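**Q** Each chain, letter by letter, is given below.
There are 4 protein chains.
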Amino acid sequence: MTDTKQHLWGGGSSEMHPALAAISDSLGQDAPLADADLRGCIAYAKALGKCGVLTDEESTTLADALVKLREEFTDGRWIPSGGEDVHTAIEQEITDRLGDLGGRLHTGRSRNDQVATAFRLAVMEEIDGLIQAIRSVQQGLVNQAQNELDTFVPSYTHLQRAQPIRLAHWLMAYFWPLERDIERLLQIRTRVSTLPLGSGAVSGHPFGIDRDFLASELGFERVSENSLDSVGDRDFAIDFAFGASMVALHLSRLSEELIIWSSSEFGYIQWRDDLATGSSLMPNKKNPDLAELVRGRSAQAVGDLVSLLVLIKGLPSSYQRDLQEDKPPVWRIAGATKASVNAMAAALEGIRFKGEKMGSALTDDTLATEMADVLVTRGLPFRQAYRIVSRLAKEARERDCGLKEAATQLPAESIEPLTIDDIQNLTIEGAIERRTTPGGTAKSAIELQLAKAQALLA
Amino acid sequence: MTDTKQHLWGGGSSEMHPALAAISDSLGQDAPLADADLRGCIAYAKALGKCGVLTDEESTTLADALVKLREEFTDGRWIPSGGEDVHTAIEQEITDRLGDLGGRLHTGRSRNDQVATAFRLAVMEEIDGLIQAIRSVQQGLVNQAQNELDTFVPSYTHLQRAQPIRLAHWLMAYFWPLERDIERLLQIRTRVSTLPLGSGAVSGHPFGIDRDFLASELGFERVSENSLDSVGDRDFAIDFAFGASMVALHLSRLSEELIIWSSSEFGYIQWRDDLATGSSLMPNKKNPDLAELVRGRSAQAVGDLVSLLVLIKGLPSSYQRDLQEDKPPVWRIAGATKASVNAMAAALEGIRFKGEKMGSALTDDTLATEMADVLVTRGLPFRQAYRIVSRLAKEARERDCGLKEAATQLPAESIEPLTIDDIQNLTIEGAIERRTTPGGTAKSAIELQLAKAQALLA
Amino acid sequence: MTDTKQHLWGGGSSEMHPALAAISDSLGQDAPLADADLRGCIAYAKALGKCGVLTDEESTTLADALVKLREEFTDGRWIPSGGEDVHTAIEQEITDRLGDLGGRLHTGRSRNDQVATAFRLAVMEEIDGLIQAIRSVQQGLVNQAQNELDTFVPSYTHLQRAQPIRLAHWLMAYFWPLERDIERLLQIRTRVSTLPLGSGAVSGHPFGIDRDFLASELGFERVSENSLDSVGDRDFAIDFAFGASMVALHLSRLSEELIIWSSSEFGYIQWRDDLATGSSLMPNKKNPDLAELVRGRSAQAVGDLVSLLVLIKGLPSSYQRDLQEDKPPVWRIAGATKASVNAMAAALEGIRFKGEKMGSALTDDTLATEMADVLVTRGLPFRQAYRIVSRLAKEARERDCGLKEAATQLPAESIEPLTIDDIQNLTIEGAIERRTTPGGTAKSAIELQLAKAQALLA
Amino acid sequence: MTDTKQHLWGGGSSEMHPALAAISDSLGQDAPLADADLRGCIAYAKALGKCGVLTDEESTTLADALVKLREEFTDGRWIPSGGEDVHTAIEQEITDRLGDLGGRLHTGRSRNDQVATAFRLAVMEEIDGLIQAIRSVQQGLVNQAQNELDTFVPSYTHLQRAQPIRLAHWLMAYFWPLERDIERLLQIRTRVSTLPLGSGAVSGHPFGIDRDFLASELGFERVSENSLDSVGDRDFAIDFAFGASMVALHLSRLSEELIIWSSSEFGYIQWRDDLATGSSLMPNKKNPDLAELVRGRSAQAVGDLVSLLVLIKGLPSSYQRDLQEDKPPVWRIAGATKASVNAMAAALEGIRFKGEKMGSALTDDTLATEMADVLVTRGLPFRQAYRIVSRLAKEARERDCGLKEAATQLPAESIEPLTIDDIQNLTIEGAIERRTTPGGTAKSAIELQLAKAQALLA
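Chains A, B, C and D, in that order, are what the protein sequence lines are.
For the first sequence, the residue numbers in the working numbering are 334 to 791.
For the second sequence, the residue numbers in the working numbering are 334 to 791.
For the third sequence, the residue numbers in the working numbering are 334 to 791.
For the fourth sequence, the residue numbers in the working numbering are 334 to 791.
It should be emphasised that the hints constitute simulated quantities derived from the structure, not laboratory data.
Since the structure is predicted, the reported quantities are computational estimates derived from the model, not experimental observations.
Check before you lean on any hint, since a few could be wrong.
Identical chains share a label here; the pair holds if one copy fits it or two copies do between them.
[Said to hold, decoys possible] The calculated DSS-like cross-link candidates involving lysine-lysine, where the alpha carbons are at most 25 Å apart (straight line), are:
1. K690 <-> K737
2. K690 <-> K776
3. K401 <-> K785
4. K727 <-> K687
Let's have the full structure, built from the sequences with the hints guiding it.
**A** See the structure below:
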């Protein structure tokens, strides 16, 4: 970022070679920084007054002109252009308007600390927006969970039917990973919120600028401790990309399951028409593209994270121009993840779960663990109970019938101390309601989950 | 790609939800496909005539109208718009122009095979362009090597001075990796050049279209063997991304070395003014940003490759909408790698090597291996020769002097069977010219390399 | 690899610091190189004789002793130990056995070219083994396809039922990606098969060794062109990791589909008992762990590839010690991918497809495209045919009935020019057999695929 | 993990196919879990007593036997063997010792929650060990910084000399990234420290086990909220891999700079003999292999992180067998990162900085910014000051002389309002001491950094 300025600031006599210009140009990737840079300039103009580089009057004039420019930018009256990046465009414009005073704005500041500051401000905003969007998905999960509190569905491990659970339990299984994501993003935000401004190009600020004042003006929680580190540190960008990747991957897991549950074979989910799509060739299709796109986007997120990790591998400390390549992956992952989160929030409002189909999948064999558990309550060691039910399950598989029926086919002593009646009395709801321990699928345990979740959303 | 059409093609009554539209939209990412899609449509219109779906006259009318549309597109008179992607825009435009006949174009074709075809055509063009650009870098290396045939420089391992070599040898060490890249890209191109058109949505073409004819019209080398595989195969995109990544990584290695050699401490390279940049704060700086940007871009390339690899992980066969996310990483890696290659070609024209500075770095200690080699020619086992020279090198380090001087300080028997005179007579050029085996740094061996390189460039 | 020798070869007086030793040690990761290194030593001993560094007799004695050592190593009588890596262990052992003559073996050779040579030999063997294993999977696919030629199954896009196909067609959709993998691996093998030996440490060989002879002795197809490039080139390892990753990802796609098809809801696949697993808690479970493990291993493969790509990012040319980290990812990806391929070959022998269940999934709506195609054969433009069938499909969805029944509920003119009878006569087999174009799902087209596949396997 | 038990627990009659066994086997990768699993078993045995599944006496007997087994394991008297994983080996051993009571241990527990618990315990230990190791590196940096407080060195941006700084400032620029790493690892540790035990296989615990008691026994800070999420959540492993990767990448940056500074051309660093290495062919070499290995290892870390990210992409919720592949990357990244950190701690004790060489690199041109700053203090706008110095710098480059000398060659008015005397009076120390703002390189600012750092280390 810093260093295409020979051509701009004088000194150098020659034009930039077009092939260098082609890889140097960052105007497109800097656009999201314009507002943040204006905020940074305003604070810096004030601080130059405080430390005596400018008189109070100069400082006020400069800051006011920048505030005005920001207003014009916000409502579209002024559009950054000319110059090789938005920072140059802003400085040039303010110099055109104020003459020499504009030329004093960059005193003690360099592109290195200036851009890092604007970038961090922009990333903080992305984090805030992302967290808000995630909250909508969580709200959607809670809403559905409340509606489906009494819907039963098989849980699956290995995509094989395992034990019966409440659908609300399944829905909430996606709430908590997103809660971890928010916790992680908030922790990351604190690291992003470290002010580099006042670090100069690399060795510090020569005119005693008040960095605490700058931080407080711009809403940073901390001030960086070492100027070399400040100008070469892109950990905050990687941190954010990691936080966003985790969100994207969690949504990829939910998407996978929505896709499978949308198949005719499962038939657990119906998509509202405006959330599904058709085919250009097959008139019969109604496809869960939304979920597929969300799943697909997670691949992009991993790639963007990798780009940033590889970028800093083996770089010396302080600023190297490689670091200009930090922004495109960040804008991409921010935009793509937010779009995925929004899409999933919409999906959770627009899908309908088919409880009846789920119920019909709760075949006898999902009661196998329940049967073993009952045997344990009758005093059998679990391993022995397990073996009894295994034998029964095998029998059922071979006869291609349910566990209950299989039990009637075996000698009574093979299921002792249970009786046929005990087995006939086993129910899905009974199996569910046995699991009252916190985190389990019994109604009381789910209600506990929901109460905690609502407290977090409040 | 395929399946946003419910809303377009009828059947579905509702509008698409904005959050779905936001992640579905591919108009931006499809733009590079417009010309390729028009080519595909033209060939397909002809083939529909050959297999009897259209009469000869219909086929000709349709193909001619498409040829005309392509001309208008090429010279900017027609710009695809409306529709959710370029394919829709093209089909709608041709239907507006020709009525019902336009509506016959999509017969037996689906978005799945149509888009895959256009995408492959575009990737083939990217490969051709990239190879041509690489050739420029190779030519730059050969030109510099010819100029610097008699310039000596230390070779480095571990960034420590190792043995003296010709600068031409160092330059050519970057030629051959690029030659491997071209070999790899050409092999990849053959796999890209496999025609999916005629696979329908997934199960094949119902009207006996002549796929060999299509392939020959469009310049494909092969016809795909299985329609399910055809519509779900993105290996060609990954293959290309891998090929481009390797180019980017090779340039990152060259860049690293250019950056180090550009430091004041090495001082081996002078950049032409239009290829270097300055600093916004430090008036003294002249920075090798070009090389840093090229090094940085390699990180993006690795990330893009990862995105594509992750994209297909765990997808079922045939088409899934995730695959729409295949294009952005490909356009990015194609554009970024070509820009890097072009920048490096410019750099190789515009840097000057400082032979004198290199020569002064060829201190005595780079003759250590030469000394051991001479001892071997006098009949010593190498391990013994190694030990003698090691002792001398250690002595030199301790006295902070050269090997030759150190030799004068040791008892004569410690270097036997060499004499002090033998050691004084050792020369840099002698060490270089001893390495005549092909691949070595002697002049004759370099000339062999150059001859082979020129044959490849011819 | 090269450079831990100060401590060994003399010169240096001090022991290695334990923390350095801990990250230096490569004995574990070098073990797979032992045999390859012995082969390299034998060839080098002969070549030293040919170029006059050794007399014919010395050369023969040395080579014979190495051949004998290799035999002892092969049958376990000699185990490399002591020394910091296998190369040192071999050289020390031969020096113990032959005295001074052993000390001549390393003449003109360095760890750099020696290790690269052994590593390439080992990678070539890995490629050969991997290709052979892939062939078993392909054979399994062909065998199953031949058995299931007349089994019909829905094809799926977006995991939604699309059009009817032959199960053999689905199976063969996994044959061709593996064929691309073999093509790619064979091309990669050619690049691996480039001899670095004779490059010395970095600048070439000082005693005119005959590199063509070495290549021919060791089975290399080419001789490297530039010694600097030779000792720093790890492209062959990355190339291999990429080739193996693609195999792993292809198997991850097949695994995903096997897992979904193994669910009770799909019910298309039955696993032989010895290929499935149970649960420690749920006695009812029979899980497709094999496929899940194969899918999971693909993640490791991508990571290993990334490790290698990142490793060379930003390294200068020639040898840097970073390159020692090249071997572990290669051994891992080689071992894991081969295990996955073998597991999948076993799976394809041990799974049974349930054709009846597949048949019952071929509901009316999978005939929608067939219906549109028939309308096209009656002269309708495809877009119009599409709209007619879309309307019908929508009707069927709303009435929750099949297309055929829906047709009886609509006014006759709404399906013109078709009649109710036309629609009743549509069949799954008819839809399948319409797709005779090569690559399609008609029997003749599948037989063509199978014939080509068998020719490749022969 | 869970599900290789059909073969073990009964039910299944057949042996496992060798190809499945080959990819199933996790005994090697589970070894680091043995102690953690024993701890988990002990706590679980107690909790089974508390919830009434066991009598107090049974509970005590079982727990005591497990405590004894753990002691035997710790001092090597008992080695887990037999069984397919360590968990089975432990359960079998305890059943051998206690009979039926041993068979009750697994009541209400599954491999899913059991293994997740042990894995988390082990990761917490890795985090603690890693943080401790990082503290040693930080201490090493602080020690060197204190020694080198008055050593001056050029700062570099783009590897070009920028402005003079204190060497202590450069050293501390590596302290703060490591401090961020520790902050991140501690936050991650909190997420790792979430107890899954009591989640059963997937749907919760059927016998009301007291999970808060389990957490407190085992040192977990939290109890997981949802059993489905608990058994399928590997975020903690990814979180850890990310935290470790960042450490590895920070060390890669330090390594890069150490390598460059170790070159003869820079000559800033001397390695103690036991921390450097030589060459097998070149007797003159003394190489910074330690730093190269650390740099290379960061590539492995990125790959391991990628493996884990890809692993969970697109997995449904709850347990899938893919997740067994979670452990090898974690053990690898933990081991490799700790080895790198330890190596770097050793390096910081064993390298000597050559202040004199650094001083001689502080040529006139590093005073350019200082000159501009002085002009600013005389009232010039920065942009004007910048242009004056740029002209001077260009003059100096053309004359190949220093700035001070160049100033004497230009007309006096070209540097106004400065005089030649002003320029002659500029000093390196003056430039350094001007940067007193916190984060800057003036002595007072560095002392502030050091004080903060020591407080953190205390």
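**Q** Any of the earlier hints contradicted here, and which numbers?
**A** Hint check: 3 fails alone, others pass.
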